[in-house]
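J.: With the hints in hand, could you dock these two chains into one complex?
Quick note, the sequences are listed as chains E and G, same order. Our numbering numbers the first residue of the first sequence as 1 and each following residue consecutively. Our numbering numbers the first residue of the second sequence as 1001 and each following residue consecutively.
The reader is advised that the hints may include incorrect statements.
Where chain E lies over chain G, by a calculated footprint (3+ residues, C-beta under 8 Å) [claimed, not checked]:
1. 1089-1099
2. 1206-1219
3. 1239-1246
Worth flagging that the hints you see were computed from the coordinates, not collected in a lab. Note that the structure is a prediction, hence the values are computed from the model and not measured. Cβ atoms here follow ideal geometry from the backbone N, Cα and C, with glycine treated the same way.
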Amino acid sequence: MSNQFLEFEKPLADILDKIDALRGASMGDVSLLKEIQSLESEEEKLRKKIFSKLSIWQKVQVARHPKRPHISDFIPRLFNDFDELHGDRQFADDASIIGGLASFEDIPVMIVGHEKGRETSEKVKRNFGMAQPEGYRKAKRLFKLAERFSLPVITFIDTAGAYPGVEGEERGQSEAIAQNLAIMSQLKTPIIVIVTGEGGSGGALAIGVGDHIAIFEHAIYSVASPEACASIVWRSSENAPDAAEAMKVSAQELIKIGIVDEIITEPSGGAHRDYDEMASLVKKSMIDALSKLNQLSTEELLERRYQRLLRIGS
Amino acid sequence: MNWLTRLIPSIGKEGDGAKTKKSKVPDGLWNNCPACEAILYQPELEKSLFVCPKCDHHLRVGAKTRLAIFLDNGDFEEFGSKLKAKNILNFKDTKTYEQRIKDAVSATGENEAIVTASGKLRGIDIIVAAFEFRFLGGSMGGVVGTKFVLAVERAISEHKPFVCFSTSGGARMQESMISLMQMAKTAAALEKLKEAKLPYISIMIDPIYGGVSASLAMLGDINIAEPGALVGFAGRRVIEQTVRVDLPDNFQKSEFLLEHGAIDMIVPRAQLRSTVARLIGKLYKNS
Ligand SMILES: [Zn+2]
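Chain G extracted, bound-state conformation (with noise of 0.2 Å):
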């Protein structure tokens, strides 16, 4: 906490909201860098697609922002929206899941944890899903499951090439199993889009963990990272106290997942537009 946030509390951690909530407030026009610290200014930073300038740093940034910098004229046709998660278990720790989900949808203006659409890349007709790390850490419940799996579908269908961005934490406790078999699901939806000759760019962003990435994160027939992505099965800290060992500084990041074989490129947000385009473009013949 600095003291910009402290003074402005109505300041987005994540600087999120630009394209689709125009940030309406003068107080919300300034942010820090969660990297460097150095206070950028939001219109900015809009135009630097939320990279600090300083830094390189790539902020977080929420889904609808995502799909708005990376399709043509940040136009998508949104599907699937209004499907919401059900406590099925009756889940309940200090709060209940169904709490937790109001208060979700009401810090996102997301009904769950990704959003899917169909739009324009460079005029290529896409299948776009991105994950919304804010609500609730991006964790992968039923909904979401079958959300991927309504977009792998209709990519299938309309014989479109299938984009993801992924970010998630991982399983969602409250959904305990129905939330597990979801990595079954996506992968199995995946293979019928293997199947079908159709291409899916799976491109990690910061961070993912768990569940999405042992499922649909890692199954891309070309796998992105942005760069200083964290990216891996166990975390840090579960690691460090199971193994106690001490762990190097770029463990599980972008450039690790390389260096290891995981992923196919880093590639920097500016950038992404064009090089998913050229990639796809050369993978996939529009009958």
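Isolated chain E (complex conformation) (with noise of 0.2 Å):
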């Protein structure tokens, strides 16, 4: 168990352990019980604290931890009635990105994210959530799907970026994710987009256009990965919290710069403390954001996708 636990979050594991130890040993001891709630309330203290001033690098590692929710934990909470679809009809089905239609609040919607999978089996299934160009054409297959039936578009974030591999090239890749923007760009029905992790470059945008873009607290968002990033400017990957904090990658710095709309608070000690507290303030910020989106006409609504995009760097 400790091993879940990152450099800074290992006080906080000391304190977890010993109530541990405690437990198995009180046996309705009254002092010890006491001694129990006292250790609780310093670990909840503790854990406030360390989680309100994480520095980028730190806020990186939380976007990465292994206990991180993906889009597996967060479908069955947050919707009803999932049906998987699978492929891209043309070469195969890549399980990096999940796809499907499901209920929402009794509406039916098009969920679309990136898994990284959490055992060893199941990452290398998924290839740690990093996509081949099979993956980004599924996702454009459903976005087309979804826009013939009106249904709402909800995307989920969590990708170190677009698989670099020979045969993603063969099968262009770069034109895989290129079709995706433009497409997005004019889908004629509403997208939410939630950053639940890592936002990693091309492979994160290419199911990342859309009209509203949450991001959670502790997740990051960035052009390259940070060690990419330094191994460019800084030409070693060691720099990476350098390009971490260079890149300003955390959602706080870039909802100031207009690239995110929201910022979704993360239960104390961060998402991977409490999925169900996690996807009750998910479902919380889809539910405004879908209830806003559907006052505008389509025309309204992709005007404003539009115009959000000619904003940015101009």
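T.: Written as structure tokens, this is what we have:
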């Protein structure tokens, strides 16, 4: 268990270990129960303190936390009747992107998102959430399907980036991403984008063009991974923490420059501490965003989406 | 580095500057082919459009030279040239971003990594953009995206075909997310061009990677590459580190792209004018 704690979470892990040990020994001993209670409040206070002032590099680690909730954790908590849809109809089904139809608050929606996988075998199957062209083409197919039946699209972003490989290049990784950007910019249905963990580069943006962009409190989003940026700019991937700071990858920085519209608060200690609470916070954000977007005509929606893109960097 | 460039440091590596900055210095008259090392005489090179007469290697040329050799009489009217990048993220590595821009401006004489203009191609009025690779590796920041969109919007409002010569290392790290979003911004503008039923010819010039490859460069109604151009999403080195395989020699070269269906054709530089004019002539009816 304690290997699931990040370096700066270790003080918390120590307290939690103590609590566990006391629980095992207490057997209803009143003085020990009091001791447990005081340790619990100590842990909570310390947790709040640590997480209220994370450095950007620490946020990168939280965003990549091994227990970070993934789309597979959110689907059963947010939606009913999920029917997963597979394949790009051209080459394969890419398991690093999950997509399908579901009900959200009794309305049908299309869900698309990266899935990194958790256990080793699942990580391999899902290619650590790094999609090949067929993953983006499956997403494109589902976007077009959603448009035809006027279903809102909800995407969940959590990827280190598109997969850099020989086959991907042969099958047109660049073209697959480019097509998604083009199609999403004009898709005649509302698109909500939620960056839950790691928003890495074009591989993230390929399902990330939309009308309402929300990001988790400790999630990150950047043009390249801090490691990649560091090796390009500093000529050493060891400068990744510097790169993360310089690229201003945190939610708090991104909202200042208009890249994202909303920060979804995480439970104290990060999303990985309480999947249910995290899901209920996401749900609230989705309801608000959908009801706002539903008031717009398709023309207004698309014009707003276009103008929002034009503003960035001009 | 060879004996010639060591002796004459003023020689531009990429053989740029022929039409716009007439080489006054005799030093700049000689150059080397980066592929076969043949010694090339600048006036000859200009005549061959900077293609090595010995090995057919297409040398890199600057954006303005590119426009001059592509458009009728070498004439074009530039627009948007005053737009300059700002350091919105206050990015600093070993140098500040402001300093890097300043250095790039003085090295290239351009204010940004793309030049946008109107001109004529065999009598057809067109809007054309050309990336300047020497400006921070042709990377796409907010101003590059904005100028590209301005060009597309002008093509729409003036009802003209649009041609872009892309050559770029990809995103501009110093603008992080602002840079990434230019991929979506340029792609969105191209969708508007499509709606207006105007053709977009994308011409891929060595090299194109990352964010520019995965957006505007791949979205041409017709995708053309010069011979031997390297175009890909991830660079060769990144792929080799990730998958640890030996990559074929022609990996990501124009010939590889054609074989895998990413481009319509490979066109030598000397035939670009006639080919593009012919294609536009078939797609575009000037009403
Ligand atoms: Zn040569």
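J.: Indicate, hint by hint, whether the structure satisfies it.
T.: Hints, verified against the model:
1. 1089-1099: It holds: at least three residues are needed, and the segment 1089-1099 of chain G offers 5 whose Cβ sits within less than 8 Å of chain E.
2. 1206-1219: holds (count 9)
3. 1239-1246: holds (count 4)
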